[in-house]
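Participant: With the hints as extra help, turn the sequences into a complete structure.
Counting the sequence shown from 1 gives a position; this note's numbering is that position plus 833.
Note that these hints are calculated values from the structure, not bench results.
There's no promise every hint is true.
What the hints assert, rightly or not - Here are the in silico distance ranges between beta carbons for each label pair:
hint, residue 1, residue 2, range
1, 959, 840, 31 to 41 Å
2, 840, 912, 11 to 21 Å
3, 939, 1130, 30 to 40 Å
4, 1050, 935, 35 to 45 Å
Ideal Cβ positions, reconstructed from N, Cα and C, are used throughout, including at glycine.
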Amino acid sequence: MAAVTDTFLLIEPIDLEYAGLKKGSLQGEVAVVTGSANNIGLGYVRALAWAGAKVVVTDVNEKAGAEAERVINAENEADVALFVKCDVTQESDVKNLAAKAFEKFGKVDILINNAMNMRLNGSILGSSVKDLDESFAISGRGVMMTIKEFVPGMVERKHGVVAYSSTQFHFCPPLVGGSIYTAGKAAATSVTMSLANEVKGTGVNVFCMVPAGVVRPDPSRMPPPRPAGSDDAPMNFGMPGFNGPIPPEAGGAAMVYCVLNAEKLHGSGIVINDAFNAMNFPYPNPDTVTKSASRRLTDMELTLVFLNMGPGFAG
834 MAAVTDTFLL
844 IEPIDLEYAG
854 LKKGSLQGEV
864 AVVTGSANNI
874 GLGYVRALAW
884 AGAKVVVTDV
894 NEKAGAEAER
904 VINAENEADV
914 ALFVKCDVTQ
924 ESDVKNLAAK
934 AFEKFGKVDI
944 LINNAMNMRL
954 NGSILGSSVK
964 DLDESFAISG
974 RGVMMTIKEF
984 VPGMVERKHG
994 VVAYSSTQFH
1004 FCPPLVGGSI
1014 YTAGKAAATS
1024 VTMSLANEVK
1034 GTGVNVFCMV
1044 PAGVVRPDPS
1054 RMPPPRPAGS
1064 DDAPMNFGMP
1074 GFNGPIPPEA
1084 GGAAMVYCVL
1094 NAEKLHGSGI
1104 VINDAFNAMN
1114 FPYPNPDTVT
1124 KSASRRLTDM
1134 ELTLVFLNMG
1144 PGFAG
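Facilitator: If you want it as C-alpha cells, here you go:
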C-alpha cells in the first residue's frame, strides 16, 4: 500500500482482523490521542481509525503529525484524521486542541493520554530538578489539563473512555525508563486512577494500559540509555516467547480491544501481554502464548501498590 510504504514514518500496513477485531466496531466514536505522531501513539490512532473512529493526532512534532494525518486518511477515507500541534504542558495549546477537535468532529468520546519525552530518562542523582519538573509537566499536569477539557462532555453525555498509556511507574531494571521518566508516569497514573473513582457510575470508563515492549527501533537514532547496572542481554518484557520489540500496530490492536471492553477495566489497568491473552491474539508465537494467572486488584490493593517500594524485609 503506497500510503503506508511511501512515508518517512516507521510503520507497517495495518489490518486488525488477524487480531480478532472487527471493522466498524468504533464507528461514530471520536478519539484524541496525545503523543501520537510516532511509535505506540501512532499505533493507537491508526488502529482506532481502522476500527471506525475519527481520530485527532496530537504531537509537538509538526512534520510527523501532518504525515500521520495524511497516512491515516489515505488508509481509511478523507477527514477521518485531524492533526493538531499541541504541547500538553501549555494550557493554551491544550485549549486550542479541544477547540479544534470540537470544531471538526463535534465531540470527543475517547481520550488516550500517551505523550512523554523519552529523553527525560535519567537517574535521580544524575538529573536536574528541571528534568523532574518537565516530566511532571508532561505526564501529571498535561494529563489533568486534557481531562479537564474532554471529560466533562463525556460525563454530560454519559458515554466515554479515558485511558493512560503508562510504560511503567516503578523503576524496574532492565526495562527502559529511568527514575525521572517513571516519576512522571507515576503521577499521571495516580491522576488517572483518581479520576476513575470520581466518575464511577457516570458511563465514563477509565483505565491504564502498560504497553511494555512496544517499539519500532529507528535506525537513524541511538537507543535511549540503559539503566545503570543492566547488561547487554536482550530485554524480555515478561511475554511468553518474547525477546524483541512488539510492533506498534499490535499495540494499537490491544488498545482497541481495551477501549471496546473499557467497562470491565474501569478503575484498573492491564499489561499488554494480558490484553493479548484476553483477546486470544496469538502474538508473537501461537505455540508459546499461555493464559496468565493475573487478576483484578481490589481498590485497597491498588492503593497499596503505590505505597509498595519493594518486597519488604529480606531473608
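Participant: All the hints need checking, so say for each whether the structure fits it.
Facilitator: The hints, checked one at a time:
For the pair residue 959 and residue 840, the beta carbons lie near 37 Å from each other, so the given range of 31 to 41 Å is met. Roughly 19 Å separates the CB atoms of residue 840 and residue 912, a value that falls within the hinted 11 to 21 Å. Roughly 37 Å separates the CB atoms of residue 939 and residue 1130, a value that falls within the hinted 30 to 40 Å. Hint check: residue 1050 to residue 935, Cβ distance near 37 Å, so the stated range 35 to 45 Å holds.
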